[in-house]
Structures are given as C-alpha cells and as structure tokens.
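Protein chains in written order, with my numbering: chain A, 1 to 361; chain B, 1 to 323; chain C, 1 to 230.
There may be inaccurate statements among the hints.
Incomplete in silico selection of chain C near chain B, CB under 8 Å [unchecked claim]:
#1 G9
#2 F10
#3 N89
#4 R97
#5 N182
#6 A186
#7 M200
#8 A201
Calculated cross-link-like contacts (lysine to any residue; reagent style SDA-like; alpha-carbon spacing at most 20 Å) [unchecked claim]:
#9 K131(A) <-> Y96(A)
#10 K132(C) <-> L135(A)
#11 K132(C) <-> S43(A)
#12 K207(B) <-> V77(C)
#13 K132(C) <-> R128(A)
#14 K132(C) <-> R106(A)
#15 K284(B) <-> G265(B)
#16 K118(A) <-> R128(A)
#17 K132(C) <-> E223(A)
#18 K132(C) <-> S94(A)
#19 K290(A) <-> I340(A)
#20 K132(C) <-> K262(A)
#21 K207(B) <-> Y203(C)
#22 K284(B) <-> L250(B)
#23 K132(C) <-> E53(A)
#24 K132(C) <-> Y96(A)
#25 K351(A) <-> E223(A)
#26 K132(C) <-> N166(A)
#27 K262(A) <-> G238(A)
#28 K132(C) <-> G140(A)
#29 K132(C) <-> R79(A)
#30 K132(C) <-> R87(A)
#31 K207(B) <-> N197(C)
#32 K131(A) <-> I14(C)
#33 K132(C) <-> S138(A)
#34 K132(C) <-> D97(A)
#35 K262(A) <-> E321(A)
#36 K132(C) <-> R133(A)
#37 K116(A) <-> I65(A)
#38 K351(A) <-> P220(A)
#39 K207(B) <-> A152(C)
#40 K207(B) <-> A195(C)
Hints listed in this document are in silico derivations from the structure and should not be mistaken for laboratory results. All C-beta atoms in this analysis are idealised placements derived from N, C-alpha and C, irrespective of residue type, glycine included.
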Amino acid sequence: MTIIEAHNIRKSYGSLEVLHDVDLLVEEGEILGLIGPSGSGKSTLLRLLDLIEPANAGELSVFGIDTVTDRGTWLDLRRRMGMLFQRPVVFNASVYDNVAMGMRYRGAPRDEIERKVKEALEAVGLSRYIKSRALDLSGGEQQRVALSRVLVTDPEILFLDEPTANLDPTSTATIEEIVTRLNREAGTTVLISTHDLAQGQRLAHRVGVMIEGTIAQTGPSREIFREPKSQRIARFVGVQNIVPGRVVAQREGLTVVEAQGKEIFSATSPPADEVEMIVRGEDISLHRRKPGYEEAENLFPATVTAIEPTAPFVNVAVHCECDLVALVTARRAETLGLEIGMEVWVSLQAKAVHLIPQAGR
Amino acid sequence: MKINATHLAAGIITILLILALCAGCTSPAPGGNETPAGTATTAPAGGGNVLRIATTTSLENTGLLAELERVYEEETGMDLQFIAQGTGQSIDSGRRGDVDLVLVHAPDLEQQFIDDGFGINPRCIAYNYYIIVGPESDPAGIANMTPVEAFRTIYAAGTNETAGVAFVSRGDNSGTHTQEQVLWEQAGYDYDTEILDAGAWYVEAGKGMGDTLILANEQQAYTLSDEGTYLSFADRLDLAPVVAEGAELLNRYSAIAVNPAQHPGVNAEGAADFINWLTTNETKQMIGEFGAEEFGKPLFTPLYAPECTEPPFNCTCTGEVAG
Amino acid sequence: MNGNPIIEGFVEAIELIITLDPQVVEITIRSLYVSLTATFFAALIALPLGALIYFYEFRGKHAVVSTLQTLYALPTVIVGLIVFLLLSNVGPFGFLRFLYTPGGMIAAQTVLIIPLLMGLTVSALSGIDRDKRYTITALGASRLQTVMTIIAEARFAVMSGVLLGFGRAIAEVGTVMIVGGNIRGATRVLTTAIALNTSMANYSLSIALGIILLAVALGVNIALSLVQRR
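Just chain A, with the same shape it has in the complex:
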C-alpha cells in the first residue's frame, strides 16, 4: 500500500526555490533513503512530508488522506508520524520530561507515559540518565534522547533527517540498529536522509537521489550506484570515471564506444550517439602482465600516471589513450608494486561500463 504520495511539490522561501517538481511514492513498511548533496532540499522535503510546514504547490497525501484540501487533519496525521532532526534537539528539562513530551501532547495517561519512557530509555541505553538535565548530555546521548522521544509515540512513519551526522560511532550504531529493528518488527515506514552513501546503502531498501531541489532518480541502491541516470548523480554517488565518447558500432550484443581513439565495450544499449561512459573505479582491475584467463571484454595496456592513497584504498590514474582512474585496495597496490610510469594491464567488464547520453549536446 502506498503510504505517502507526492506530486509536483514546490517550495520556496521568499525568492529562494528549495524544491520543485518533486514526485515521490513511498510504500508502507519500506525504508527509503534520501541521498544528495547538502542544500539539495532533503530536509525541507522531509518537513513537508511530516506536515511541519506546507508546500507552495503540489499534491500530497499521507495515509491515503489528501492533505492539501483539508488542513484540519494535519495535527492528527502528524501525530501518527515522527521525525528526528540532524542536530540533536533537547529541551531545558530532565531527560524523562524530554522523552515524555510527545505523549503528553497526545494526552496519554501518566502511568503509560512512565512505562514507555522507561522502556524507551532502556532501549537506547540511557536509563541511568532519566533524571539528568538533558542539556548536560553529550551530542550522541542527546540524539538518543530525541530518538526515544519520537519512538514512545509509536509513529507509523518515521522521518530521520541526517540523524547520525556528526555523531560518535556508538550512538550511530545504536540508532541504526533501533531503526532497522523498528522497521522489521513493527513494520514502521522509514524515510531517512543522509549524505553518507554507505549508510544509505546499509539501511535503505530503496534510495532516492536529490539534486538541486528535486528527486533525480529512485531505485535500489545497487542501481543508483552502478547506473546513475545523469552525470551529476554519477558524481554524487562517487563514480571516478565519467568519460565522454561516441557510439561507433554494436557488436555481439555489446555497444562499442570510441573515446579519444580508444574503443571500449559496454553492455548498455546505446542511449544516444554522443554518450558518457560511467565506470566505477572499483570495477577496473589492474594487472602486472596480461592475464591469460581474463573474461573481461575490455583488456588493454596502460601507463600509471598518478597514485593517490585514500585509506584503505588507493586511487590509481592510468593512461591508455584515454584517462581512467581505478580503485584498488592498498594491499593490492602493494602486491602490484605500483609506481608512476609503470606499464600495467587494465581489465574492465562490459557490464561495468554504463552509458548515458551526453548532457547539453
């Protein structure tokens, strides 16, 4: 069942347009990751979906209820959802009172509040701070308080806006674990925005990429990472090689692309004549000598032009008429004995070469 349905959402603050043409469907019980650079509108979108503020235009239904025509339902709908913000927000009161806030707003009975607050603090490992002043806790602890505060209200949809940015690894792990368990056991729908690609991949069933105020692509994370729809998405998801080229032929079900005189095979059917080849660095293998058994469709010699360690990996730039960057593990780089000017063999499977039309041509 579709739990959130948004069409053509637009939002501006004064003359600054933050969101435009946002379309989004969220299924009940899924974890949707929103990734995108800062300023791409992730936080604003989450606030609009949580009905904290209204959009300037567009359609939005939550739980199947149209929120645009009937603003009177907002409070009730909002009370079925919860949101955790990037910056830990705690109020100048005890940890207990902080966690109890949402339930008090809902007029929950005192004994129920007490039971659930204690349970929730137990779950985030903060029971011993129940009477402390929330402002005295560390950032990570405050964020766990904030999470408990949301969880005691049993949200059906949980919005997490970069919840672990700048948190210590322990707090991050606790929060991730709770969120996954909540989704698995209670079937809570989760929307999490993050600029941590790994976190997005780790938690989300499906990922949406936001670029410049709109959702540019949605799909399983593998698809987003390997087959980005545009150069900008490719850059954002960390593709090292975006090489312009021209489709010259189609051979044995493969597309042949010529880039600076070099012919490279791709498994993608040609989207246009002028294309960009999208190749992730980790899909490029380097060898000291020509491998005899290599199954990769692309195999050619090249010269190492630069070596840049980014522990625990090493970015290796090679030149072979066209320039490519390969990502190898530090150990592998050592085994290969890489040095600048050295001759290596490059192998690259055709299905690791994704083609998109060249932008602006």
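Since the structure of chain A is provided, determine the placement of chains B and C on it from the hints.
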C-alpha cells in the same frame, strides 16, 4: 485552532491587566501610621494627615526643614512632606494643586500667585540676606561695593575677559535666581538680552543652591547665595562673602496656602494649621536659633510683628489663619 | 572639614551601613519596594504582550519590534515628564492623587521598563531556534501546546529580561525624582537620595547609599549570570 489560541491569549492578557490595575490602585493606599520602613503608606495630597509643601532648595539644603518637620510631626502627628524645587517651580506646583502649601522667597512671584487667586493667607516667616560670594582673591575687586556696583563691576570684568572672573547663576527660576535678575536690572542691564549671552564668564548652573555653591567653588567664581545655605556649606567651600551689605540683598521667606476654591482636593485645614504654627512665637524662636550652634551665627532672622508690616518687609507675619 | 572628604566619606559610609542607620535602611527598603513592584507590574503587562507579538504574524510586526528596541533607551526624564504631566492634579489622571507618592513612582518605572521587558520577551522567545520549533511541531503539539512549550523553554531568558528591567528601574533617577519629588520619608529612594545628599555635600551618606546601590546592581548581575548559565 488559531482562533482558539487568540481568544485564550487575549483573555489571559485582559485578566492580567485588570489584576495589575487593581493591585496598582490598592498598593499606595493611605496608611494610618507613619511607617519607618517607608512602604507605600503615603496619602495623596488632600489626605487628612499628610501636608505636602513645595519649597526651595535653599531652605532644604540648610537643614531647617528637617528640623521643623521633626518638631511639627512630633507635636501634631501630621506627616509633613517637603518637595524641594526652585521657587518658580514650587509656585507652579501650587498653581496645579499638586501641593497644599508653598514655602518660598520671591516677592514678585508670590504676589502674582496670590493675585491670580491660587495662593491664600500669605505669611512672612523669616529673613536673612543674600550675599555675593567669590574667591578670597576677589579678582574683580568688588569688596565693599554696593551690590549693584558689584554687579556692574563683575559685568565689566567679565566682558573684558579679565582673568579669573566668572559668575555662576542658579539659572533655575528659583527665588535666588529671581533676586539675581532683579540685581542685574537694577544695575542697568536687560537680563534676557545682555546677561544671558554675555559670554563664557556667565555660567548657568540650572541647579539648587548647594550644587551652585559647589560649582562656583570648583570654578572659583562669584555667585549670589542666600546666607543660610552659604553658612551651612561654608566649611566645605573655599569661597568668601565678598559683598554682604545692602537693602537690595534682603531675602525673606513666606508661607502661602493653596486656595482650596481652586483645588478642592488640597489639605487646606492642614495648611492653615501649619501656617499658624509657623507664626507662633515658639516656632519663630526656634527658627531664630537654628544653626547658631553649628555655624556660629543663626541662619535666619524670624519676623515678629509689627516690624514685618512696615517697609522694607511690608507683609503680614501674624494673625490666625482659618482653615 | 579636615582630612580627605572622600576617605572620610567612605569610613562614615561603612559605619552607616554596618550600624544599619535607620535612614539608610528606610531608603534602601523603599527603593527595593518601588522597583520590585514596578518590575512585577511591568512583567504582568509586558510578558503576555511580548508573547503575543512573537506568536502572531501581523503587518508592521518588524516595526513594532524595532520601536520597542528603540524604547529600551527611553530617557528616564522623558518618562518622568510624561508621567508627571499625566499624574499632576490638572492632568488626566490627577484624580488618582498619585503624584509625589510611591504609587506614582511605581507607575512611572512600570511605564519605563515595559518596552524593555516586551522587547526582551520577544527576543527570548525568538532565541528558541527553528529546530526546536520544528521538533515541537513534529512531536504533535497543538498550537496552544506549541506556545506553552516555547514559553516554558524560554523561561530563563525571559527571567533575565525581567532582572535587567529591575536593574534599570532601581538604578534610574530621572522618573523618581520628577514624579516622586524626593520627599524625605515618603518618596526618597537610593538614587534621589544620592543626588540630594551630594548637592548638600553630605558625601558620606551619598557614598553609603551608592555602595548599597552598587551591591543591588551586583546582586542583579549575579542572579543574571546564574539564570543565564541554565
């Protein structure tokens, strides 16, 4: 929802405002007894047991008023409240009915006050002399001159920018200031056109007598002071009386009640009682002795009948005043 | 007068304070009474109004807030003059007979610090950042619950505003001199007593009262920093 909150907030504010007003009205309610803690038990003017008197700083600064207040309050239980202003301002307070009685020293202003129907039952109480005080070195050389000559000499020296010659004026429309203006006029100058902008040597203090003396002392300038205030300040001053003789320097104080026909709220009965008390021989004796011990000579000379009804005083100083 | 008047004044001042000189005690108590009462009434009026300004969007809101901020520096003598004219026997509120009474002084100081308290209430509430407001909304607060939560959260900032207002009230001389008349035993407070005694060259009493006034100001500052540390 928005409307509910609006109404609620408006309601709360209205209640608070009403509470504030109620509390504000009740807190300074007239209290029966004098409370030394000074909490708000002051009755407004017109209350039966408070008498509000606008008076001059020259009287306040001598300490005479505190002495009168102590004795009178002890005898009658009436709460005397002295508000020290300049004579001009004091008479204005009387005109508005903000006080019950004025105790002042500017015959012309007093006459105006009475002629306009605001002041009744004027009684002369006491007198002393104004003196021209200045640095011992007397840079303008006015010693032994008559007051009018002295003013002319100061004017000449001041406008010639003679070193060390300056004159500090009260500049506050007080009785002393009025007297100073009279002296300038007698010396042949128009106060507003010739004196006020006469140059840097003419300094307007805009303050009470004590402050003006202190200012004159700091600047080593001449000033016109009443004798009482000068004597009570003399030990802190490096100024000497330079000219102290002359009928022009006569300074007499009178008490005038505010006319209840103009301001029905004033404590007319209390004012009459106080004036009657002031004109008793016992009180006059007390005034006549005030300061003798501390300053070596009395600060004021009380006026007894019949001398006050003859020139130069020409005012009533006895006679029962009806409340 | 022999010796240094300042040193002598100090010695006498300390004596006056230590021996709890009745005049000093009386003036101090009256000062505290007048300014505390004024602060109380000003808070009663200004805090709800400040909250109203903060929570309601209306045309000219920005202008109202900047006007309030301008009025922080409202000259005390101007307030004194206005209140004097209003309370004078021939003024519109003359019938109250408030002129030259502590009640009149309380009214004047209340008027004096209302803009300050309103403005500081607005800024105290504005100090609640956007994330907190989003969080309150996201937690499912109704509009009234939102208002109450924000006020509760800003309570310490509002309290510092009130303390600042009290500090301004007790330290000012302009309004109490004009409206109170500096009547001994009735409307003489710390500041007017200092002014009068200085003009009478009674430096020791002035210094004693000055020390007390400074101590009150210091107390207010200590309270402020305690509140702001919360």
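| Hints violated by the structure (numbers, ascending) | Per hint list: 1, 2, 13, 15, 17, 20, 27, 32, 37 and 39 violated.
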